[in-house]
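Order-wise, the sequence lines are chains Y and U.
At position 143 of the first sequence (counting the first as 1) the number is 143 in the numbering used here, and the numbers step up by one without a gap.
At position 96 of the second sequence (counting the first as 1) the number is 96 in the numbering used here, and the numbers step up by one without a gap.
By construction, these hints were calculated from the structure, which means they are not laboratory data.
Since the model is a prediction, treat every value here as computed from it, not as a measurement.
No incorrect hints appear here.
Here chain U is said to cover these stretches of chain Y; the calculated rule only asks that three of the stretch's residues, wherever they fall, bring their Cβ under 8 angstroms from a Cβ of chain U: (1) 32-42; (2) 55-61; (3) 64-77; (4) 89-103; (5) 146-158; (6) 171-182.
Sample of chain U residues facing chain Y (criterion: CB under 10 angstroms; computed from the structure): (7) PRO14; (8) LEU20; (9) GLY25; (10) GLY42; (11) ARG43; (12) GLU46; (13) GLN47; (14) ARG54; (15) VAL57; (16) ALA105; (17) ARG121; (18) ALA122; (19) LEU135; (20) ARG141.
Here a beta-carbon is modelled for each residue, glycine too, at the ideal position from N, C-alpha and C.
Here are the chains, one letter per residue:
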Amino acid sequence: MAEPVPSPAREEPAGTGILLALAAALAAGIGGWSSIVADRGSDTWHAAVRQHVKQAAGAVEDIRFVYQEEGPTALQVADARLLAEELGRAADRAPGVAGELLRLESRARARAARVLEAGSEIATDPRYAVPETGGFDLVRRLNDNRRELPDLLALDPDATQDEGSRLSVEATLLLVCIVPVAAAFLFGALAYGFPWAGRPLVAAGFVFVAVGFAAAVMVGVVV
Amino acid sequence: MDLDAVAEVTTAPPRYRRWLSALVGVAAVSTALLAALESDSGRREEQAFVRSSRASVQIFAEIAGSAPRTQFLANGLRRSLGTEIDATARLLEATRASAEARRVAVPMSQAESAAAARLGRAVEAMAGVPPDAPLDGATHRLLTAELSGIQGVLRYQNAQVDLADRYGTRQERAMFAIALVAIAAVLLGLAGLFGVGRSGTISMVVAAVALLVALGWGGSALFV
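Sequences and hints are given; from them, build the entire structure.
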């Protein structure tokens, strides 16, 4: 059985082990923090895409409903009303049977317009009437429809994406804060290899650990 | 590991220890730098993909959102034009009809023509979207989207996909460089265990080469 070898004399300066352990622990801590922030940033970006899809789908559906469902019915009403008006004017100018026939046609169109009105919320609501043209304000109607779902209207995917980008920048800066901590590790290792310059190297290592820690805190507070 | 090995390392010649400690330190700093590069590249790639995805959604939404209004305008003008054609046809046929029939047909044709003109103006107003329309920005943008604008979004989307590819390549290079640093770290550990001697020196030299290649490869990622 071999004789136990006595432990060699310690040559690295005091504090080297503490420095290396501290640097490793701090690097792991900042790395973990950065990872959490990056994950939040990633989630926020995905939320921005989901919000954009939701917002766009809502807007497209409202536009489709106003211009393809409500608008054409309102236009039928406008068409019938305008023709009734013009036929009425023509009847006023035409004498005899011709005038009667034109008036009859005018009334028929006006009646048709009233029947069509029943199926059109736009045509029956005076807020949407545009007397200057005889048509209706579809933009106003669209705006009213959009406001029926305020949660959908409040979505702001751009702001959400910007928040995700901010978190991403924070995560990257936190990782950069590990570089001085790694430099501290370098100094600690060099103190082991260059014992004659050990004390200044270990001292520099602690300074870099402090710099890395302070920078990480500053990133967390400022960014 | 036994105590003999530890004794060999701690009592290794200063030159061997200097190289070993310096390489361990360089490996630590390289890992931090490459990890930051890899992580940042990955996030930029994801960001570009998110922008690209949103641009795709925007293209679809602008096409789908602008079409109903354009279609409404076209249908309305077609309706107005149809009434105008009816009026003109009635007027032309009236010239071959009896005087009594003309007394009805001509004013009716004039009334239809006037109504068609008013309907055309009404349709244009209904399909119009004034710049100060009381709409939220997203809806206003969809409603007034034009082909030139959509093509601009398409170019932006393609640019973002290219950017994502670029950052993806950068990330892959950084990941490979990190793997090389990990191999170098293992070899440095072995060099420490082997101590001075052929095996230890070979391990240390290979570790140094691996570190050098890792730094070169990682640095090349910045020029992708």
